[in-house]
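Q: Residue numbers (numbering that gives the first Met the number 0), protein chains in the order written: chain A, 0 to 344; chain B, 0 to 208; chain C, 0 to 105; chain D, 0 to 690.
I should point out that these hints are in silico values taken from the structure, not numbers from a laboratory. There could be a bad hint or two in this list.
Just the calculated beta-carbon pair ranges, DEER-fashion [what the hints assert, rightly or not]:
hint	chain 1	residue 1	chain 2	residue 2	range
1	D	G57	A	K336	47 to 53 Å
2	A	K331	D	I330	53 to 59 Å
3	D	V174	A	K331	23 to 29 Å
4	A	I143	C	T33	25 to 31 Å
5	C	F78	B	L160	18 to 24 Å
6	D	V174	C	L81	16 to 22 Å
7	C	Q8	D	D594	52 to 58 Å
8	D	S653	A	K104	38 to 44 Å
9	C	F78	D	G583	40 to 46 Å
10	B	T168	A	K336	54 to 60 Å
11	D	D62	C	V54	36 to 42 Å
Glycine residues also receive a C-beta, built at the ideal position from the N, C-alpha and C atoms.
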Amino acid sequence: MDWYLKPSGFFALKRMDLQRCKKVCPSGVSYYLLTLILGCLFLSQAASASETFLMPLGPVAEEQKVHFFWAMALTMVAILPVFILVPVILFKYRRKKGRGFYAPKWETYGPLELIMWGVPFLVIIVLSVMLWRATARLDPYKEIQGVVPPIKVQVVGLDWKWLFIYPELDIATVGELVVPVHTPISMILTSDTVMQSFFISALAGQIYVMPGMTTQLNFIASKTGETEGENTQYTGDGFADQKFNVQVVNSDNFDRWVQRVHSTGIELSTENYNRLAQRTTKKQAHGELATAQMPEKVIYFTLPGTQLFHEIVMRYHSGKPLSIEDQPGTEKFGRGKEDVEGVQP
Amino acid sequence: MNLSSSSKSPGSIGNAHEAAHRDPAVVIFGFWVFMMSDLIFFGVVFAIYITMVGATAGGPGPKELFDFGSLFAQTMLLLTSSLTVGIATVTMRHERSRASFLFWVVITLLLGIGFLTLELYDFSEMASKGGVPSRSGYLSAFFGLVPLHGLHVTFGCLWMLVLIAQVFTMGMGQVVKLRFLRLALFWHFLDLIWIGIFSIVYFGGWVYG
Amino acid sequence: MANEPSFAQHLRSYITGYILSVVLTLAAFAAVLTIGRENKSVLLLVALLGIAQLVVQLKYFLNVTTQREYRDNLALVAFSTLILLIIVLGTVWIMGNLAVRMHATM
Amino acid sequence: MSATEHGWLGKLSWESLVFSNFLESPSINEAVASAAGSLVILASIAILGLLTWYRLWGPLWRDWLTSTDHKKIGIMYIVFAIVMLVRGLLEGMVMRAQQAAAPDGFLHADHFAQLFSTHGTIMVFFVAVPFLVGLINFAMPLQIGARDVAFPVLNQISLAVTVSSGILLMVSLVVGQFSTGGWSAYPPYTGGDFSPGVGPDYWIWAIVFSGAGTTLTGINFTVTVYKCRGPGMHLFRMPLFCWTVLCASILMIFAMPPLSVAALMLGLDRYLDFHFFTNDLGGNMMNYANLFWLFGHPEVYLLVLPAYGIFSEVFSTYSAKTLYGYKSLVIATMCIAILSFTVWLHHFFTMGQSPTINIAFGIATMLIAVPTGVKVYDWMATMYRGRIRFTTPMVYAIGFLILFVIGGLSGVILANPTVDFQVHNTLFLVAHFHNVLIPGVLFGILAGYNYWFPKAFGFRLNDKLGRLSAYLWFAGFMLTFFPLYVAGLLGMPRRSFTYADLTFKPYMIVAFIGAMVVLAALITLVVQFLVSIRDRHKTRVPVGDPWDGRSLEWASPAPVPAYNFVELPTVTDRDEFSEAKEHGRAYQRPKNYRDIELPKNNPLGFILCVTSGILMFALVWYIWWLALISALAILIAVIASTFRKETEYIIPASQLEKDTEAWLALVEKSEAVSRDLEDSPRNVGYSKLEL
Ligand code: HEA
Ligand code: HEA
Ligand code: CUA
Ligand SMILES: [Cu+2]
């Protein structure tokens, strides 16, 4: 219980957004409003959050954040009048001492109607244009153009961990995603159990992953740092623990890291994969598969040269029923309720 | 209460001065609303079928499974029964003899049973070719939709039986007449759905499956 | 019940509806037989014939017409059709697009 | 999974009982579960015992269970909703406690998952819907000047299946376990492979049967509003509440089918090895998500529209003013109803479809803010130049106005796919929907409860305690759910029973405190109820118009007689009762008394409640013979009931004359009180017109 020792999240947020405030005024104002309203409510000494798009590590999350504040600011145009006028009306027209004029049969007034329909409509038009542009630009499937070619990562959602395969580097990891800075990352994702939602807030949005199908996610990191990724779609007992550590490093460190995975990793053989795909938490899987050189709750693999990702996707397209013993994520495939350890962090 | 409209509405079967909830116009309109809800129910299942036309998962598809002749026969049976139920409606509304009314109801019932028999035969043929719902997403969608219609027809047949019994026990009073009007609407409605089924499920299946 | 149609008129309406429906059904089946079951364009024809038949049956069997006393029903059917179209077309659009986007790079 | 490998009791066994776990491996987790189970059993025994002790079975059967009176059915709906609500509320509390205590919490992941699944399911399907349906049942026929709803027996049947599905959910506390898949129950997680237990089956059948009930209710209400209005009650003279009811009913008719289809298909997958949503053999779970939200989105407007209607009545009545912008409000309501069918995809922006689709649905979603905004402004204009009284319903309405706007705002933010990619499935979303559901729907329900209570029972609720409860609600709500916005922005996913990142801890603690305040609000409500019953002799309002009401429901005595109106009133104006009072047309003697026919009591509802309950239970536990028998019983009961001949009874004119003369004498004798005395014993429901 040492959360109160960390620096205040509220102030941390405010400090780091001060520059933004000056650049984009309306969004800054609304951001200030937000922190003021919400922050004051939780006079708590919140710790600095590392896993949020409010502290982006890349341009995608950055843009999402800016969009968030703009949307807040614009809606304020239509909403602030409510906050301001309701108390005024209540005060002026209260029955006891109100001095207001009483017009019991007043039921419509043209110009007022026009404003009532018109103002929200205009706000929505502006918002819609913004929405259109941003959504088209931030299509998660769109590859990001960088100075260097993108690194491909294949992501497999398992119960309750994520497997990252770097097909071009012949390595794979669980519990840790390391990417070089200023390098586009091009992810292709699937699941080998139920549907999940892959999410790295500080770098990109989330995207669903589904068995037998693939989705894509592209992003690039603009500064080095560390953050956390997770699954946001409930998948059973170990769900709350299905997080992974994300590190954005410079290219030297990245190469060194790849080297390290190569040298310490165990082979991602079918046998090891089937072990990994059982209903276990990271910690449990680490205990079963990892060697002493690997960091806590992290497993390193080398690739045996098979098309593992493709096989995982095709598992569901064989045209034959998939027996429950061959379906990762079921109790029959591995681990009943009683055998799941480490659910409590 | 729209008393003014009740004498002209499709539910008109003589002038009845009963309590609000028994106004024929209200009862018939209520049934229309129900049918529209049912229409959406069917529509949703149709949509699922359309999205799953390709999901045969290596199993048998429409080309192997559907029988043109049987489909045509079913279609004509159901369409004709829609006519006969209509004739029954006319005899009832114009107060012709009870016997002629019952005659047309029984004919409709027989046509309905004929339709169901053929349909069940079709299903068993499909099953013998490996076309069972557990084989693929496509077949699941097929067996979620066509038997749903069949179930409605079965229900309609049951309703007819009950109604025939009521004609004898309760007489051709307002209550029974109103029930028959609703049954006739229901039966016509099922024929409309069938147009969708042969066009989309069968023909569409042949073309895209 | 002054403007209630006579027995014969009534019957005629149903029989007209039946004949038209039979013709349209035959046309659809014939189209599939002659043009072939794989030809995509046949579906367009079938769809048109099907819609025509829907209209025929609504008019002659179900009494959904623009006449005053049936206008409630017409409005109801029209509204339901609108919702139905939103649901079905929306679903087909979304699921079709998802199918493409999820299997493109398999 | 083969369906035949079980014995004659299906999957049922001693281990299915929740207590057996506790006995075998005692822990806090099991203790909580067992306590909940025991509570259900003890409460049921207590109720049965009390009924027997006070010999209430006869009256209960005669006056309630077999009644076809829309007012009584409405009240039964509400009682049912309150029972379910207690469970939903307690579950909310336990979840908040767990997250506040985390990482060291006291619940297992699995148990927490059952909590949010039942909480969501119960709150939406068995609290909000039945409560609103109850209020509508009570008030709407009165407002349009009708004797009853269009189909009284159907009404009874809807209630029956809703209640039996609710009971099924209660049973799941004691026998077996509920689903862990959330209220949206996404497969494949809820499919047979991944959830082999009975949990999802409980969910499926509860949803299918209550969904059928809701659909039938929608049909009933639509026809009632459309075809059963009293003389002179043109559509555009209806109180706004009736308009919102009409639109909500349309949503019930058209939005429930996709849910029923989705649930039934999931059932086919689970029971008969179909492949709609499975991983293999061409199943496609995306179809499920699509179907569920085709329903799910209209559903939330189905909940909020009647609440908007209630607030419209409340704003107008307690500002002593006609509703501003009536036509605008009607149009806005219809816009919302139609638009609500065009936005469902915003619940799965992150599925992977192309930006074009996200853009289309994102913009459609935001458009809903326009008619909603018009409504908000119209309510403000209704208060403008009024004489505002801060009674309990009005306090709720004002709280709604301020707080709901914040929830709406977060909705508009979520409607931006760009942002939704970041906050989807996080606590931000949880905060959004509680922020619209609680200030919107729940406050609406509570306002309606305080507003119409005297009409139903003949005495007023204590206003001071009512207001206190409202203020506690505001405070509790804000404390509970505003922190979740922040936690969501910081990346905490929904449905997490625990978290390792201690950043979240302070927010969770504040939220827990908030939940305690909400609990205090609820207790205040109970106290208010008890105190009001104690004081009922001082707060009687037999004349029937305690608030200077404006619409027809206030024109009859309180409690309202079974026949509603001796003579159906002829309507000439939108604020009919106000006009009548102003022009001296109120409280007049009918020209002549005529017999009134009313539907007789009918045991069908009760029979269906029991048989459908047994049917669902048998299906959940694979007890096929029992399922068959109960299904046949349902069929036979329905068919048999159509053979009933005498379905009406007559209230003789003499009886009507006696009742009415007594009431008119009372009016004569009473003093019309001004609004300043509204909350005093002198208010017997005879109001002086505010001018
Ligand atoms: C109408 C709907 C409704 C309401 C009122 C509430 C009320 C509350 N909910 Fe809600 N909740 C949902 C609908 C609702 N919820 C849904 C749909 C989900 C998603 C489930 C899922 O994930 O699948 C959810 C999920 C959810 C979660 C899980 C969040 C997560 O995923 O991590 C939590 C956690 O704490 C929570 C808490 C609460 C609390 C503390 C309250 C309480 O603050 C409020 C308690 C209030 C009441 C219980 C109402 C009281 C009403 C009265 C007192 C009227 C009485 C009248 C008379 C006496 C006449 N809810
Ligand atoms: C009563 C219930 C209710 C209501 C009324 C609403 C209202 C709205 N909701 Fe909400 N919503 C839910 C219940 C509700 N919602 C639930 C239960 C879920 C989650 C389900 C789950 O996942 O479990 C959800 C989820 C949800 C999502 C999905 C998010 C996700 O899963 O990632 C979205 C996204 O667009 C959304 C948007 C909106 C919008 C735009 C409105 C609008 O209708 C709001 C309109 C109101 C206003 C905007 C305020 C007043 C307006 C003005 C003062 C005027 C002017 C304003 C402007 C011009 C901006 N909602
Ligand atoms: Cu979702 Cu493929
Ligand atoms: Cu929605």
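Q: Flag every earlier hint the structure violates by its number, smallest first.
A: 4, 5, 6, 7 and 11
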